[in-house]
Every structure is written in C-alpha cells, then in structure tokens.
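Peer 1: Next come the chains, spelled out residue by residue.
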Amino acid sequence: MIPRSESPTGRIAAVARKEIVDIFRDRRTMLVTLVTAIVAGPVLMLLVLNLIARQSDKVRELVLPVVGIERAPALQAFLERQQLTLKPAPKDFEAGIRSGEVDVVLEVDAGFADDVAQGRPGTVRLAYDRSRDRARAAIAEVEALLRAFNREWGRGRLLLRGIAPEVANPLNVESRDLATPQSSGALVLFLIAFYGLFASVMGGMAAALDTTAGERERMSLEPLLNTPVGPLELATGKWLAVSLLNATAVVLTLTGFYLALRFAPLPAVGIPFLFGPAEFGRFIVTLLPLILLMPAILLYVGCRGRTFKEAQSNLSVLLFAISLLPIIQMFLQRKDPAWLTWIPVSGQYALLSRALRGEALPWADLLQSYVVPALLTLVALSAVARLFSRESLLVGR
Amino acid sequence: MIVVDNLVKAFGRHHEVHAVDGVAFTAPDRSITGLLGPNGAGKTTLLRMLSTLVIPDRGSASIDGHDVVRERYSVRRRIGVLSDARGLYPRLTARENIRYYGALQGLAADALETRIDELIGALGIAAIADRRTQGFSQGERMKVAIARALVHDPQTILLDEPTNGLDIMSTRSLRSLLRDLRSSGKCLLFSSHVMQEVTALCDSIVILGHGKVLATGTAAELVAQSGESVLEDAFVRLLGSGEGLAA
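Line order of the protein sequences matches chains P and H.
With the numbering used here applied, the first sequence covers 1 to 397.
With the numbering used here applied, the second sequence covers 1 to 247.
Extracted from the complex, chain H is given alone in its bound form (with noise of 0.2 Å):
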C-alpha cells in the first residue's frame, strides 16, 4: 500500500517550480491506482519521490508503512518501478540484462534463474531472450524493461507513462498484464496522460494538475462530482481549462 502525505517538491535555484505542491493520496493493495494529469502536472517527480530518487522538500510517503526517505532501501526492495527512462543494455542479453536487476535485488543465483524463466514465459518473449537487447523493437525493450523491474517479485509496482510508444498489441498484453499482477494481490500506480488507459484499466484515479491533486475517485464517482456525462469532459473541466488533451 501507498501513502501519499502532503508531498511538496519545487525545483529551480529558487524553488520557484512547484513540480509536486501538496499531494496526498493512498493507493491500496489488489488495486491498480491511476496518475492522471497533462505534461507537467508532475507525475513524473511525484513516482520519483516515491521510489526514493527525488526527496521531497516537505511531506512524506511510505509504502507498505517504509518511509522513502529514511528507509529507502528497504522501499527499493519492496517497489519494482518501469519509469520513463527504461534504457536497457546493448551489448548484453535480455536474460542478462533482467539477471543484472536479480543479482543487484540480492536474489540466490538458483531463484534467479527460475524467477528469470518463469518471467520470460509470462512476458512471451523466449524467442528474444538471449539475443542482446541491440536493435530490439520498442515492445520488446519494454517488455523486458518490465522483466527487469519485476525480477524481485516486488508487492508494490510503479509505472510512469508504460504505454508511451507502444503498439496496439504490445499495449493490450501489458494491460492483461497490469491485471494480473493486481489479481495476485499487488499494489499498482500508473501514471498516464491518456484518458482511456487509465479508464480501461484504473479502479481509482486521481488527477493532478499544477502539482495538486484536483480530483481523486473512480471514474463514474469523477463524472458524478463534475456534472459532465463524459471522462474527458471531466477532465477537462476539473484542470479548469483546455490545455494538456488527451492525444
């Protein structure tokens, strides 16, 4: 489980950016939470705060009750994040590459192994796996970027923008995925600024702008408060202006 207390963060030689501005929410186990908002909202800051890159200037948050600042290595154990940047190594295999996350988690060389098997099975992607990751397509290094940040089996599971250059079908099987990964009893946050990723698979959703959260509930619970009949409409009228659409 997430909790999000009041978490401030502004950047700048005189913190004039507010990136992060009062945030406080909670994500639960077996439940896959949505970060909704435009570009430069701060979803980005606010997972990195959370998974211990980016301390925070005032509030705090913990996951399954582990501060992330004065406890960040027991929070880097438990999370298994797929951020943005999701550079994988050229010059060596996509099983080497996932092992390398394995070995840094700590896992025993045996439990590696059959975790890396058993994640490749999962992932679909044995015809690739030890190939090295040079030239690999953009479904292929996420899936394995996936792998890797799953190697530990972490309870807790960040994600930041996961669709953003995916193909159709590499989208649905990481949604089918998500899904799983929630049946089993984990606590997923997802950020997005794709209205109907987040509709197809949130069952919360919170919405930032300007760094605050502006709006937090299940989709039908946001379209009631707002008095729109549509998401977006939602959406839209809760930034309180036409910027950042969905694309």
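Next up, chain P with everything else stripped away, as it sits in the complex (with noise of 0.2 Å):
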C-alpha cells in the first residue's frame, strides 16, 4: 500500500503549484499579461508627458517668425528683451501654418510706420490655426505680450499728455494659481492610477479563462473531478495560482511607472509628483482586495463558459463595465462622495488617487474598501465550488 495524506491543504497546494507551472508556462498569456502590464503603461505616461513638456517648451523658447518687423523698431526691441527670438518668416508662411510646421506668424502692415507718425493706431497682423492644440500655448504668449506692448506704449503716451496711467486702467486684475505640484500632473496622475487599476482587473483573466473553461474545452475537468479533491479545494487553489499572477503584473506595472518616472530622460513638466517608494506601497495595499477579488470573479464567469471563446465574450461586458467606473469618476470632478470607499474599483480608484496627490490614507478608509471586496471574493468562490460540483458541468449544459 502507497502512503497517503488525506491533508485538504495538501490538495489545495497541489492545484496551485500544477496552475502556477502551467500559467507561467503558457507564453501566449505570459507576454500579453506580462508586456502590456510593463511596457504600455509607462511608455503611454512618457508620451503624455513629452507632449506636456514640448508645449510648456514651445513657451519658453519661442522662435517667432514675423515679416517686417524692421517697419516697428519699439515692438522689434521690446520683444527682443522678452526673451523672443526673431527672424523672419518664409515666404509661404501660410502653407506651413496649415500644415503645422509653424505655429503663428506676425506681419507688420506695411503702412505701420505712416499710421503712427498720424497718431492712427498701427496695424500688426497674427496668422496661425487655433485648431492646432500644440500652437494654442505659442499663440496666447504672442497675444500676451503684444497686449503688454499695447499697454506700455500707451502709459508712455498718457505720461506724456500728463494723465496717470491709471485713469485708462480702472480694473486691476490679480490671479492666484492655487494648483500644487502634485495636484497638476492631474492626466499623468489618472494614468498611473487607472493603469494600476487595469492591471488588478486584468492581469488574471487569460489565467482564469484558460484554468475554467480550458479545462472544460480539454476535457481535462472529468477526469480531474474523479481525484479525492473537493470542489472547494479545486477553486480555492485555482483562485491562489490566478491572484498570484494577478499581484504579479500589478507590481510589474507600478515598478513600470515607478522606474520610468526615476530613470527615464523624463522632460522638466514642473509636477513633480509623488511615485516614490511609500506611494508604490500604498498602490499595493490599497489594489489588495481587487489583487484578489477579481480572480474569483474571473473563474466564476470562466466556469460558466464551456469554451474560452465563449467565457471570453461573457467576460467583454463585465470589464467594459468596470474599466467604465473610473473613467466616469474622472468626468464627475467633484468631491468623492465617502460612500464611495465601500464600493469595489470606484473606492479603490478614490484612494489611489489620495496616494498620488500625496494624501495620507487612513487606516479605517482603507479597510472600509476592503469590506466589500473580500465578501464578494467568499461568495464568488463558494459559487465557483458549487459549479464544480454540479453534474451538468460535465454533460455540457
């Protein structure tokens, strides 16, 4: 006689050391999984960012193309000393406006000087394309600086005549820019935040499917069933080996984010905000729940499919349905209402982004959004446990 255990967690054990095996031997999952969870999120933050920097670049050194400015030596000089590099415009400068190569062009009139010298206002002219968002930011610095030319000029006039300045200028207007550093990366910042997001919902589900219905679709299921293990046993393993590779690329894709934001040539944007190891912890702590929910949820809806093809299009509508949920928070701007916490992926994105704009999370928030998660985890399980055992899992109905 061969010795045995009849140990429960022995069984347990073994299901999820033959699905980890399995699962990480599957290339196909591996590289989707893997690469998309490592790669695709930085790589999309860093285009973000150097798009961010090339128009707070586009400001900073603006090169204007202008055509006779030899006709305004005043506006000439005063643009000079704001840092403005001139030179003249190409010929078909209008042409290279439609097709974006420059942004915005200055022409002065060529009757400027006459007009002056009348005491008539001269004539400057802008060209560019509104539509182009990347010239947007060159445009207004333009328009700006010709306004404070406008302006000082006139003070000049006004002090000549002996008139204040002040009595053209009645309103004074004073802004106050209250963004912090950490709350103005807000695009980079939900990046992050849903990528992370993403990787807890998705990092399972080829896992999953191919461990529930792959298992029917092989008949592998039958035989497997007619071992001593208990249905129970049977998911509770399957779910630990799915949430395993499930943390996995979760922490794949923060460590992304977190080394592509240290060491990465990432441009000066100016928001500097936090990623830093403590906000890497607190991402981990806080997607916990989803780290371990959502593979549940993913055998169940797995164990219900008889083929992959078919669990898969099941699976289509439940994660449209939850990428959904952040996307909307986004739009709604307002303050998160504090029920929110308790409801799986909205709560969890409410706290990430707390992490990101450097808030502290509190315990009891935190295991507010735990609540709800681990209960839906139990059930789920029970449930997948209740599909293994039920005789028409086998007979294909």
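Keep in mind the hints are simulated off the structure, nothing from the lab.
We treat Cβ as the ideally placed atom computed from N, Cα and C, and that holds for glycine.
Hints may contain errors.
Covered stretches of chain P, as calculated for chain H (at least 3 residues, CB under 8 Å) [to be verified]:
{"hint": "1", "stretch": "2 to 10"}
{"hint": "2", "stretch": "145 to 156"}
{"hint": "3", "stretch": "214 to 227"}
Beta-carbon label-pair distances, calculated as ranges [said to hold, decoys possible]:
{"hint": "4", "chain 1": "P", "residue 1": "Gln312", "chain 2": "H", "residue 2": "Val69", "range": "32 to 40 Å"}
{"hint": "5", "chain 1": "P", "residue 1": "Thr255", "chain 2": "H", "residue 2": "Asp29", "range": "33 to 41 Å"}
{"hint": "6", "chain 1": "H", "residue 1": "Ala109", "chain 2": "P", "residue 2": "Arg390", "range": "26 to 34 Å"}
{"hint": "7", "chain 1": "H", "residue 1": "Gly165", "chain 2": "P", "residue 2": "Ser313", "range": "28 to 36 Å"}
Put the two chains together into one complex, using the hints given.
Peer 2: Structure, rendered in structure tokens:
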C-alpha cells in the first residue's frame, strides 16, 4: 500500500502549484499579461509627459517668424527684451501654418510707420491655426506680449500728456494659481491610477479563463473531478494561482511606472508628483482587495463558459462596465462622496488618487474599502465551487 | 468489488430521459466485467454514477462497501477512472500530468516518484515521459491518461470505452495491461460497444440496452441463453432490434 495523506491543504497546494506551472508556461498569456503590464503604461505616460513638455518648451523658447518687423523698431526691441527670437518668416508661411510646421507668424503692416506718425493705431497681423493644440500656447504667449506692448506704449503716451496711466486702467486683475505641484499633473496621475486598476482587473483574465473554460474545453475537468479533490479545494487552489499572477502583473505595472518616472530622461514638466517607494506600497495595499477579488470573479465567469471563446465574450461585458467606473469618476471631478470607498473599483480608484495627490491613507478608509471585496471574493469562490460540483458541467449543459 | 443495486437516473427538465433505469449487477475482484451496449444505452451515465460524479435518482451502488453517494470521497480514493474525457494538460510533461493526480490522491513525494517510474516502465512511455503532452498521439495520450488513473494503485478500475480511437498495437498493449491488473487481483469494469473487445477480454458481460440490464453472464452463457450460436447474434436478439450494431 502506498502511504497517503488526506489533508485538504495538501490538495489545495497541489492544485495551486500545478496551475502556477501551467500559467507561467503559457507563453501567449505571459506575453500579453506581462508585456502590456510593464511596457504599455509607462510608454503611454512618457508620450503624455513629452507632449506636455513640448508645449511648455514652446512657450519658453519661442522663435517667432516675423514679416516687416523693421517697420516697428520699438516693437522689435520690446519682443527681443522678452527673450523672443525673431526671424524672417518664409514667403509661404500660410502653407506652413496649415501644415503645422509654423505655429504663429507676426506681420507688421506696410503702412505701420505712417499710421503711427500720424497718430493712428498701427496695424499688426497674427496668422495662426487655433485648431492646433500644440500651437495654442505659442499663440497665447504672442497675444499676451502684444497686449503688454500695447499697454506699455499707451502708458508712455498718457504720461507725456500728463495723465496718470491708472486713469485708463480702472480694473486691476490679480490671479492666484492654487494648484500644488502634485495636483497639477492630473492626466499623468489618472494614467497611473487607471493602469494600476487595469492591471489588477485584467492581470488574471487569460489565466482564469484557461484554467476553467479551457479545462472544460480540453476535457480534463471530468478526470480531475474523479480524484479526491473537493470542489472548494479546487476553486481555492486555482484562485490562489491566478491571484499570484494577478499580483505579479500589478507589481510589474507599478514597477514600470516607478522606473520610468525615476530613471527615464523625463522632460522637466514642472509636475514633481509623488510616486516613490511609499506610494508604491500604498498602491499595493489599496489594490490588494481587487487583486484577490478579480480572479474569483473571472474564475466564476470562466466556469460558466463551455469554451474559452464563450467565456471570453461573457467577460467583455463585465470588464467594460468595470473599466467605465474610474472614467466616469474622473469626469465627475467633484469631491468623491464618502460612500464611494465601499464600492469595489470606485473605492480603490478614489484611494489611489488620494495617495497620488500626496494625501495620507487613513486605516479606517482602507479597511472600509476591503469589506465589500472580501465578501464578494468569498461569494464568488463558493459559487465557483458550486459550479464544479454540478453534474451539468460534465454533460455540457 | 462493485455492487450496483437498482440504480436509476433520468435527465431532462421533466426527467423524461431515462438514461439508467433500474440497473443491478455485481463486479467481483480479480475479474474483468464488461458493460456491453449500443450508443445511448446508459454506459457512461452508469460509470459516472459509480465514479461519484453523477448522483443517482434512486437505488444505490457501493465500491468495496463504500457508498458512492454518502462516501464519495472514500470511493474516489479507491477507484481509478479512465473516463470518456481524457484531456491532458498540454503544457505539462507526461510525468507532470501523472504527478498532479498523484499529489491530489495524497501520495507522499518519495512514494509518488517511485510509483510514477513504475508506471512509466509498465506502460513503455519512458521515451516521452519528460516531453510536454502537446502533440502526443492518441495512443500516447491514452497511456498517460491510464498512468494518472492508476497512480494511486486503486483496487477498482473503471474504464469508459478505453479502446476508442486506438490503433491495433495500442489496443493490444492496453488489453495485456488490463489482464495484468486482473491477475494482481483488481476489479475492472469496462464499457464498450465493440463486441470483439468484450469477448476477448471479459470474464463476465453485462448487456445494457435503453438503460436496463438485458442479460448477464459469460460469453458462452449469453450465447446459450439466446439460443443463437454467435455472441453478436445473441446481442442483437437481446436488444430486440438491429440498432447499435458494433462497429
């Protein structure tokens, strides 16, 4: 007689071990899960950051193509004093603007000197294409400089006539920008939170389907159920394996962001938002309930599918709904209501945003966000176990 | 030993499909019992009830005295099943496939490895043992599936149409394996719709038709009972029609 143990934990461990080997040998799943996790997010973020940087660089190092600037020497001197580099515009500058090569061109009217000499307003023209996002900053900058020049010139004339310039400027506008450095890079912040969530929701998908619907499709479920492994043991073992993969995907995604923010030659965008080791840890702690909940739900959906394909199409609806939540939240923009922390995905997203804004994560809020996912995990796992013990699972109905 | 007593199982919304309808027989140790019947006779459902996956509506069955409903987990520890579904894990090697089932049966690591080597030797699959099972031939798959069904050295072995899709060489080696198991004292129950298969191998035969036992006995007894001279004619006569003739 061969010596045997009857320990349920031994069987759960056997299932988990086998599934982990199986998952990590599935090259397609690993490629999709891990490459998208570690590469896609950071690459997207770098693109966004570079776009932001290019916009702000444009303002700083503005080269302004000009036509006939020698007709307005005072304006030329003023603009050069403002660190603008002036250069003659090409002849066909309108085509250049249309094609996006040139952002904005300043043209001084041929009759400018005469008009000014006779006390009439001198005419300058700005040519630009306002529909181009990239050009907007440059346009605004040049417009603001022209307004400033206009004001300065007017002040001089009023002073010459013995009138205080304030007479012509009854309104004094002062603006205060209350954005902190962390709260400004909102888009980048959203990207990191969204990708972290995305990884914890999607990380285990392919593996969960393969180990349930795939098991049915391969006809390996019936022989498996002929062994002494109980349905709940089977569900638990598979869940542990998929959760491990899911956690790996989340850690890799966040590592990708961390490395990109730390070591990539990032442009100086002026948004030194926080994503250091502390935030990394807060992210993991916040995402933990989802990392454990999603595999259970994915296993349940997978079990209901007779084939991988069928399970996949059932899943897409669920995933669409889930991925919509944070986007809706982002567009709501108002302060998050307190009950939001209770809701899976939404709660995690709210906490992630707070962590990124540099706020502390109170334990009470964190625990609150654990309650519902923990309960749902248990419900989903026992539902998976119930499916495994159903006769109809074998007959294919 | 398998004791089946008046098992009944019906499927369908109103239980209108009587898959197994009052089946009773006994399969002793040190013996190969054949379940012979045309497609749809209820062989697979009967075997699934014995292997505890399907719960009977009425009646009872036991394996070495363990009830298949009340003591399903002790039954699962005592039986080896080669079911109709014999999917392997394509990304695991043959050895890993077998090892997984051994671990689920609770075999300790050392004993398990010894046992796996023993089975690999007996089945003659040493050359493919450490290859992933993706791309294995039908015969190779069947051998791995048998090895994992036998990994815990079960006393009772249930086989559902084991020779389906096998070539002559594989069929012959399977037969000699089953005979070896019989001489070591095992109880084997094996279903087939192939007459020659059953006459070549079985000590006693249970003929199933429409979920009922039509006759039991050795091949010679069945021929005598029916008044025909060949088992095939006896089989057709017992079924009461020409349906489901053996391939």
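Peer 1: Now tell me if each hint is right for this structure.
Peer 2: Cross-check of the supplied hints:
1. Figure legend: the stretch 2 to 10 of chain P, annotated as covered by chain H; annotation consistent (7 residues with Cβ-Cβ distances under 8 Å, at least 3 required).
2. Under the rule that three or more residues need a Cβ within less than 8 Å of chain H, the assignment of the stretch 145 to 156 of chain P is violated, with 0 such residues.
3. Beta-carbon proximity to chain H at under 8 Å applies to 11 residues in the stretch 214 to 227 of chain P; the threshold of 3 is reached and the given coverage holds.
4. Separation of glutamine 312 of chain P from valine 69 of chain H is about 36 Å and conforms to the stated range, judged on CB atoms against 32 to 40 Å.
5. The beta-carbon spacing between threonine 255 of chain P and aspartate 29 of chain H, approximately 60 Å, falls outside the hinted interval of 33 to 41 Å.
6. Restraint check, alanine 109 of chain H to arginine 390 of chain P: a C-beta distance of roughly 33 Å satisfies the suggested window 26 to 34 Å.
7. Distance hint check for glycine 165 of chain H and serine 313 of chain P: the Cβ-Cβ separation is about 31 Å, which falls inside the suggested range of 28 to 36 Å.
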